[in-house]
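**Q** Put chain B on the given structure of chain A with help from the hints.
In case you want the letters, here they are:
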Amino acid sequence: MNPTIAVRMVGADFLKLRKKRGTLIWALVLAVAPLVIFFIVKAVQHSSSPTEHSPAGGVGGYTDALRVLAFFFGPLAAIMIGTDGGAGDLAAGVFRDLVVTGRSRVALFATRIPAAVGLCWLVVLVGYAVTLIGTYALASGTPTPGGALVVNGLLFTLFSTGIICVVAVGFASLTGSRPAALTVLIGWQLIASRILENIESLGSSRKLILSQAVAHFSPISLNDGHGPRGGATVTMSTGTAVIVALVWIAVFCALGAWRTRTMDA
Amino acid sequence: MSELAIETHGLTKRFGERTALDGIDLDVPRGCAFGFLGPNGAGKTTIIRTLLGLTQATSGTMQLLGHPVPSERAQALQRVGAIVEEPRFHMHLTGHENLRIVAAVRGPETFERIDPALARVGLSERTGEKVKSYSMGMRQRLGVARCLLADPLLLILDEPTNGLDPGGIQEFREMIRAMVEQEGRTVFVSSHLLDEVEKTCDAAAIVDRGKIVTQGAIADLAAGGGARNELIVGVDDADRALGILGASALVAEARRDDEGIRVVLVGEPQTAAQVNAALVQAGIGVIRLEPVRHSLEQRFLEITARLDTDLVPEEVKA
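Protein sequences appear in the order of chains A and B.
Every position in the first sequence, counted from 1, becomes a number in the numbering used here once 317 is added.
Every position in the second sequence, counted from 1, becomes a number in the numbering used here once 14 is added.
Quick caveat, the hints were computed from the structure, so don't treat them as lab data.
Even glycine gets a Cβ: it sits at the ideal position worked out from N, Cα and C.
Heads up, some of the hints might be wrong.
[Unchecked claim] Which chain A residues stay away from chain B? Per the calculated CB distances, all over 12 Å, these:
| no. | residue |
| --- | --- |
| 1 | G339 |
| 2 | G410 |
| 3 | S421 |
| 4 | I508 |
| 5 | T555 |
| 6 | C570 |
| 7 | T579 |
[Unchecked claim] The calculated lysine to aspartate or glutamate pairs, modelled on EDC-like cross-linking and capped at a C-alpha distance of 16 Å, are:
| no. | chain 1 | residue 1 | chain 2 | residue 2 |
| --- | --- | --- | --- | --- |
| 8 | B | K213 | B | E311 |
| 9 | A | K336 | B | E143 |
| 10 | B | K213 | B | E185 |
| 11 | B | K146 | B | E111 |
| 12 | A | K336 | B | E185 |
| 13 | B | K225 | B | E100 |
[Stated by the list, open to error] Some chain B residues judged to face chain A by a derived CB distance under 8 Å, without partners named:
| no. | residue |
| --- | --- |
| 14 | T75 |
| 15 | S85 |
| 16 | A88 |
| 17 | V98 |
| 18 | R102 |
| 19 | E111 |
| 20 | V116 |
| 21 | A118 |
| 22 | P122 |
| 23 | R160 |
| 24 | I298 |
| 25 | G299 |
| 26 | V300 |
| 27 | R302 |
Only chain A is shown next, with the shape it has when bound in the complex (with noise of 0.2 Å):
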């Protein structure tokens, strides 16, 4: 396949995303609007007792929202557009129509990833942008993160993102449906790896679970006994991490090709 095909094919499979009102609206949701409230909220608790609460921005307020966007929220949405990008041409039944163009059908699965993590990211950058303007904004005073962090930090949640956008892409083609695994993987983000890296006994078996090794590269701490989202923290190495989330994207992707390759159309 040229790059020609290659691009125009993406941009395709970008447009289908694109034009799904309901999947960017509620992925917009919720990249923003846990932001806007979580600053709305500070914002009155610091104007009400300044004493007692610190002000909503400023790099405290920055690295709460940080937590919120890349941890939680950003990842739900990156996992919506994922999984509507994976299972999007079957749950219309376009795929086998897609299919009789002669095309092939890993190259099929393959423009869907690029698609899916463009739109991703953003709509992740809409949050990032809140973040920032609650961060600068509500300061107060404060101390206000330095260009390092602001650059480090919208790469980490680029990277926390991108990544489970993709593993959501090739869960959905295997599974070929998008209800089912948006439920699975909801399911595993918000509560199975939470359950998982809380379980001591599992040691550092514990690495391989997804978001630690995503978390190994965040530029906030999260080692003040909070893990992300909450959880225990494992500590790894820089290799271990990488290699760890090299594993869930090749994976994934290999079995969302596979199925795209071996389905009945």
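**A** Using the frame of chain A, we list chain B on its own:
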């Protein structure tokens, strides 16, 4: 270049214990409308899905436009357009956007065919509307437009008139004929509607229980294999007439039926004049002499009824 648009040999597809296609040998010539006729569940959609690579054959070989499938599937499908079962689309996108998606997958040269394809099926005015607002007929036409993006030498249409009103069916028929006669394309139409195939197609195959029962030109199929010349003869003395016709070298078969005497001629249709003369010379008054127009429906019912009868002993044994 192969003379055949579709060619299969011993094509078999099994789903577990169930045999959906049982050694299908199918030859579809280029440049014609070819009907693939059979009752619901006969295997029509399965063979289409197998030809297009939507499901894998269990055994057998097949070629599309001279390319073996699946080994040269991509080349084979480059000039094939297909609607499998009902045409499906992304409902949240417009007609034009849906075609852009397929054009992106087919290749850059396909984009310039979008507007002409939409114009060809009469949807130019509605391309900016979301597909969810389209009627069934419009979706069928949009499905054909999607096929035309490939500038297809072969169109494969699975039950294309399902859900269409009589006006829509007539339009569709005309479109298929124009594609064959004016544009030189081959159109393979599966249908369970005998009348539809008879009116639209030049040739057909009848499939039942996963097997091709017969295939050939529509007129030959309707006549029962060879082009039989039959007459209904009305006379004032049927017994004497049967005696004369039975002894005539011009007549292969003569028997009484509800309408009079059904006569199968040995030679060309013009032989009817000689038969008439023989009866008149014998002093028999000929009231009616009418060529029998064979219908595919009649033939189809004969074949499927025969198959049912053939199956009975097997079922009893089982």
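**Q** Hint by hint, note whether the structure agrees.
**A** Against the structure, the hints:
1. G339: Check fails; 8 Å does not lie beyond 12 Å.
2. G410: 3 Å, violated
3. S421: 7 Å, violated
4. I508: 31 Å, holds
5. T555: Holds: least Cβ distance 39 Å, greater than 12 Å.
6. C570: 20 Å, holds
7. T579: 9 Å, violated
8. B:K213 to B:E311: 12 Å, holds
9. A:K336 to B:E143: Judged against 16 Å, a Cα distance of about 13 Å means the pair holds.
10. B:K213 to B:E185: Since the Cα atoms of B:K213 and B:E185 sit roughly 12 Å apart, the hinted pair holds (cutoff 16 Å).
11. B:K146 to B:E111: 13 Å, holds
12. A:K336 to B:E185: 32 Å, violated
13. B:K225 to B:E100: Cα-Cα ~24 Å, so violated.
14. T75: 18 Å, violated
15. S85: Since chain A brings no Cβ nearer than about 13 Å to B:S85, farther than 8 Å, the hint is violated.
16. A88: 4 Å, holds
17. V98: Status holds, d = 6 Å.
18. R102: The hint holds - B:R102 has a Cβ within 8 Å of chain A, the shortest such distance being about 3 Å.
19. E111: Since chain A brings a Cβ to about 6 Å from B:E111, closer than 8 Å, the hint holds.
20. V116: 7 Å, holds
21. A118: Holds, about 4 Å.
22. P122: 6 Å, holds
23. R160: Hint on B:R160: holds, closest Cβ of chain A at ~7 Å, below 8 Å.
24. I298: 62 Å, violated
25. G299: 63 Å, violated
26. V300: 58 Å, violated
27. R302: Violated, because the Cβ-Cβ distance from B:R302 to chain A comes to roughly 53 Å (cut-off 8 Å).
The structure is inconsistent with the numbered hints 1, 2, 3, 7, 12, 13, 14, 15, 24, 25, 26 and 27, although it conforms to all the rest.
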